[in-house]
Amino acid sequence: MGEIVVRLIQADDLPEVVPGIIALYREAGWFATDEQVDQEQVEQMLRNSFRVMGAFAEGKIIGLMRALSDGLSDAYLLDMVVSRKYRRQGIAARILQALVEELKKCKIDWIVCISVPGKDGLYAKLGTPMQAHIPYRFL
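Residue numbers for the sequence shown follow our numbering, beginning at 1 and rising by one.
Please keep in mind that the hints were generated in silico from the structure rather than gathered at the bench.
Idealized CB from N, CA, C, for every residue including glycine.
Careful: at least some of the hints might be erroneous.
What the hints assert, rightly or not - Below, a list of computed lysine-lysine pairs in the PhoX-like style, where the Cα atoms sit at most 20 angstroms apart:
| no. | residue 1 | residue 2 |
| --- | --- | --- |
| 1 | 104 | 125 |
| 2 | 119 | 85 |
| 3 | 60 | 85 |
Unchecked claim - Estimated spans, in silico, between C-beta atoms of each pair:
| no. | residue 1 | residue 2 | range |
| --- | --- | --- | --- |
| 4 | 129 | 10 | 19 to 25 angstroms |
| 5 | 115 | 31 | 25 to 31 angstroms |
| 6 | 133 | 36 | 33 to 39 angstroms |
| 7 | 30 | 88 | 16 to 22 angstroms |
| 8 | 7 | 88 | 28 to 34 angstroms |
| 9 | 34 | 105 | 36 to 42 angstroms |
Working from the sequences, and respecting the hints, build out all of it.
Okay, structure coming up:
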């Protein structure tokens with residue numbers, strides 16, 4: 001495998017990378033394989049994110065993570081996904097570290113992520129567990 005490049009995904013990149021992102025989300029089970037996905041909606045979701053960090057192999061997107069933020073103080077990390085073919089190579093850690101560095105450059109100091117059970121190893125290695133904080137979900 002060639003060099004893996006981790007970089008911000010810019011608005012100009014979206015028309016080219018969105019099909020690959022949809023494929024990654026399908027692979028992760030976030031979209032059903034037979035589900036019709038509106039490319040424009042996915043593009044809008046990414047445009048509305050504060051930052052999107054991607055990993056690329058030979059120009060093809062193989063992983064990403066998004067940050068939602070007010071741009072001043074708080075950021076919430078979500079949607080970490082790496083193609084199965086590229087897992088266990090430290091790519092998720094590189095994406096996470098690059099995204100956190102980018103947010104810190106913006107002077108954002110409250111950066112949090114909620115992980116699903118069993119997937120928290122990456123975050124535990126690179127972040128600090130939040131003591132006395134309990135996440136809630138509103139349905």
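Of the hints given before, which are not true for this structure? 4, 5, 8
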